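Listed in order, the protein sequences are those of chains E and S. Heads up, the first sequence is in our numbering, so the first residue is 1 and it goes up one at a time. Heads up, the second sequence is in our numbering, so the first residue is 138 and it goes up one at a time.
It should be emphasised that the hints constitute simulated quantities derived from the structure, not laboratory data. Keep in mind that this is a model prediction, so the values were computed, not measured. All C-beta atoms, glycine included, are put in the ideal place defined by N, C-alpha and C. A few of these clues could be false.
[Stated by the list, open to error] If you want the footprint, here are the derived chain S segments under chain E, 3+ residues with CB under 8 Å: (1) 217-225; (2) 267-280.
[To be verified] To list a few chain E residues with every Cβ distance to chain S over 12 Å, as calculated: (3) 19; (4) 20; (5) 42; (6) 45; (7) 53; (8) 55; (9) 57; (10) 75; (11) 79; (12) 82; (13) 83; (14) 89; (15) 110.
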Amino acid sequence: MSTAPASQAQPASPPDESIRVLTVDDSASMRALLLAALSSRGFAVEQAEDGQEALEWLATNEVDVIITDINMPRLDGFGLIEKLRASALHAERPILVLTTESSDEKKARARNAGATGWIVKPFDADKLTTALRRVTH
Amino acid sequence: MSAPLKIPPTQESSAAPVRLTILQGQAKASSDPAVEMSTILGSCVATCLFDPRARVGGMNHFLLAEPPEHTRSTSFDRDYGLYLMELLVNEMLQLGAAKGRMKGRLYGGANINPDLAPIGSANAAFARDFLRREGIEQVHEDLEGRHARRIAFRPASGLVRCRTVSRDSAPTQKPLARPQSAIGTVELF
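So that you can see chain S by itself, here it is in the shape it has in the complex:
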């Protein structure tokens, strides 16, 4: 008679998942094995970063808009995109991650309506360019195309599940305006 098969619990399966939804304009990081971050993407892009040594991961979610009137001639609001990327990196640094060890995965950026300007592709290009310039290795991408995606990310293991979903389940494609707080406030001491 054989002994009953025992499957050792993994870190991930042993803990009841704590689900975090990452909304447009947000960036969150965690080292908790129970945390699963998820989001649904149409034209929006999500960046998943993971430091395998610190076992810290984080996700942001953005759709860059046309830039404010006073900014330069870029086709969309790169400055705000940079801010959301930096927010993600900083959240991870605070949990012990190191930028030089981070690996990047990119998702979303679909061009769902073929009659409209390919805003998804523009956002995808921005995200790829950011990782390249910052020296963060891009290990995977599932970008562009015509389909909405649902992403589930375990920040402590770096594991990502991505599946296509009906475009009806993707949130509104409206680019996010800069929040009122993000206006470059200057305070001299």
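One chain only, chain E, in its complex shape:
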């Protein structure tokens, strides 16, 4: 007789195996782009509009990796990284900066604040996916 349907024989990654990503960006357009790119590649995506909202959310929630913009109101990406690195819960959390900034000075500042990596916009979804898997491995 016929075998089980493909959907049963080859299940998609169950939700508990998905890598949980928090994206932090004040641009609604960029959030929509990241949500579409990452959820279609199997990531579980949470989103915050700036560093302050991310910090408040992260006080009671956990993720596997954080992707943050630099230029944001209230609390920018540098501030967010510094505050997370000072917290017990997120001191070791991988944090990738995703930015239009191209200056070496800003990159060095992110690195010194404790960022895990630096990704230049416009991002390539496949390269971003590879980076996310590598830093959460």
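Here the structure of chain E is known, so what remains is to put chain S in place on it, guided by the hints.
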């Protein structure tokens, strides 16, 4: 006898203008009253943003191309458009502007050749959509149609002059390919 009429110099007229041409793929911002940004648009779109409190303005200029092969099914390269919009916003933030105070004016997006796909309209729709999604008030647009336009923008006052020009004076309508640097480079520390 009446006193001679004295016209007080305004900020704009007192300074010799510093002219900046904004080319396709560029985004620049300034708070200098002497600066006048200008560009000529065919199917390309220019976004002029202005923060009236900080008196900071900026302009970008783009014509979005078909997307790279690996990207999704959108009809053109929205990702690159978003990047150029964000570049403009960030240039202004660095000069003290706030996104919530910015006002947007959109120009260009003409469909100059009626026999070709309306790439100007597609770019105009992208720009309108961006402002709406980002909560930036769109206070004016002069978009689409069949005519090329020349734009002159004073970033420190937000003043824009737009006039139609001969289509021959518009630059090439070729969409800009992404620069080599814009490939989403990843660097892990």
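Practice problem: With 12 Å as the threshold, tell me whether residue 19 of chain E passes as away from chain S on beta-carbon distances. | Solution: Non-interface label stands for residue 19 of chain E: nearest chain S Cβ at 16 Å, farther than 12 Å.
Self-check item: Whether chain E covers the stretch 267-280 of chain S (at least 3 residues having a Cβ closer than 8 Å to its Cβ atoms)
Solution: With 4 residues close enough to chain E, the hint holds.
Quiz item: When you look at the beta carbon of residue 79 of chain E, is every beta carbon of chain S farther off than 12 Å?
Solution: For residue 79 of chain E, whose nearest Cβ neighbour in chain S is about 15 Å away, the distance exceeds 12 Å, so it holds.
Exercise. Confirm or reject the statement that residue 110 of chain E sits farther than 12 Å, beta carbon to beta carbon, from all of chain S.
Key: violated (8 Å)
Self-check item: 12 Å cut-off, C-beta based - residue 89 of chain E kept clear of every residue in chain S
Solution: Since the minimum Cβ distance to chain S is about 21 Å, residue 89 of chain E lies beyond 12 Å and the statement holds.
Quiz prompt | Given as non-interface: residue 42 of chain E, which should sit over 12 Å from chain S by C-beta | solution = Fine: 16 Å to the nearest Cβ keeps residue 42 of chain E off the interface.
Exercise. Test the statement that residue 83 of chain E is away from the interface with chain S: the closest C-beta pair must be farther apart than 12 Å.
Key: Holds: least Cβ distance 19 Å, greater than 12 Å.
Quiz item: Does the claim that residue 55 of chain E lies off the interface hold, with its Cβ farther than 12 Å from every Cβ of chain S?
Solution: holds (20 Å)
Quiz item: Is the nearest CB of chain S more than 12 Å from the CB of residue 82 of chain E?
Solution: Correct as stated: the minimum Cβ-Cβ distance to chain S is 15 Å, above 12 Å.
Quiz item: Can the stretch 217-225 of chain S be counted as covered by chain E under the rule of three residues or more with Cβ-Cβ separation shorter than 8 Å?
Solution: holds (count 6)
Quiz item: Does residue 53 of chain E really sit off the interface, with its C-beta more than 12 Å from all C-beta atoms of chain S?
Solution: holds (15 Å)
Quiz item: Minimum Cβ separation between residue 20 of chain E and chain S greater than 12 Å?
Solution: Holds, because the least Cβ-Cβ distance between residue 20 of chain E and chain S comes to about 19 Å, which exceeds 12 Å.
The structure fails to meet hint 15 from the earlier list, while all remaining hints are met.
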